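Protein chains: 2
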Amino acid sequence: MDEGLAPDQLQTYFALMEAAGLLQHHVEQQLRAEGGLSYVQFQLLARLADAKGRLSMTELADGVVYSRSGLTYQAGLLEKAGLITRGPCPDDERATLVTITDDGLALLQRVLPGHVRVTRELLFAPLGPDDLRHLGDIMARVRDHMRTQPPRSAAPRKRRA
Amino acid sequence: MDEGLAPDQLQTYFALMEAAGLLQHHVEQQLRAEGGLSYVQFQLLARLADAKGRLSMTELADGVVYSRSGLTYQAGLLEKAGLITRGPCPDDERATLVTITDDGLALLQRVLPGHVRVTRELLFAPLGPDDLRHLGDIMARVRDHMRTQPPRSAAPRKRRA
DNA sequence: TATTGTTATACTCTATAACTATA
DNA sequence: TATAGTTATAGAGTATAACAATA
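Top line first, the protein sequences correspond to chains A and B. Its first residue numbered 1422, the first sequence is counted upward by one per residue in the numbering used here. Its first residue numbered 1422, the second sequence is counted upward by one per residue in the numbering used here.
Treat the hints with caution; some may be incorrect.
Treat identical chains as interchangeable: a pair holds within one or across any two.
Each computed SDA-like pair below joins lysine to any residue, with the alpha-carbon atoms no more than 20 Å apart [to be verified]: (1) K1473 <-> A1516; (2) K1473 <-> L1431; (3) K1473 <-> L1452; (4) K1473 <-> Q1432; (5) K1473 <-> P1428; (6) K1473 <-> A1546; (7) K1473 <-> F1435; (8) K1501 <-> D1565; (9) K1501 <-> E1514.
Honestly, the hints are just simulated from the structure, not real lab data. Every value quoted in this text rests on a predicted model; they were computed, and no experiment measured them.
Starting from the given sequences, assemble the full structure and let the hints guide the process.
Have a look at this one:
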């Protein structure tokens, strides 16, 4: 099996992508309806709430957004909504430190129950304790592996639509 | 545990979402670079290739796109690129039947090896045979469960950014 | 020179509603 | 009336490149 995927690999891949897509779609609907947030914005707020201190723009972007300007755009929206603040960094005057506001934390709290509800009903409902253990172990390993992969600068041919 | 998620559930959920996001991002880069296709377009072509016959627009949209006009837009692009054709349906004159062209099939073939390569290197590299079996079984069950869930018309409160 | 962040801009994609035509 | 598909249009989001300021 040097090239191509075995049939069970292909099925697993497609099942994973479809399930993740459906889950993300439902979660985005819930976040939008109950908090006016996109999933990216939710991720940024959650990351800021987790890192109780402040994060630089670069640290905040990591893994969530794939371009500098993309984060500047989102941070602009969140700041305008009063959910975060941006300020100078004492250590490095080039950097901007981002902090979540009390309103931001409150919004996160308001949105979380529904978020958890959707996740539980859609993802965990059909799984037993063993499934959960296996899935958590596997996905943690996969995620860690992906994080350490080089950005893969591949860009060979290019044609068509 | 009637409300909220256990810590291991939360970790599993986040690991799944991050891994799926990273995988999708890499796959999209590869598809764009080697075939000029978005992931949605790839899904549509793959679905058409799989269903060797023709599919109506509604059948084609199912699960991939969440609005009628979204599919019309994508189908317009694919047709303009010569990858699909649209024609009338004998059974139901309201419907449009979509077919993948030889060029569409050829493009799919050209893109598939790289697609498989990314998937193997990113998703399957860190997994053993048991992992693959577990993951395939779990995700198939989760996907099937999600498919049968009602569209959940929830849309309670609505505020903020 | 390299890095942090912003801005300007163009582009892709999606969703809503209005519309046509057929069942 | 309900359904299949298209169109018009507006809005959100992303990426590229050029830029300013600091390391």
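Ascending list of hint numbers which this structure does not respect: 3, 6, 8 and 9
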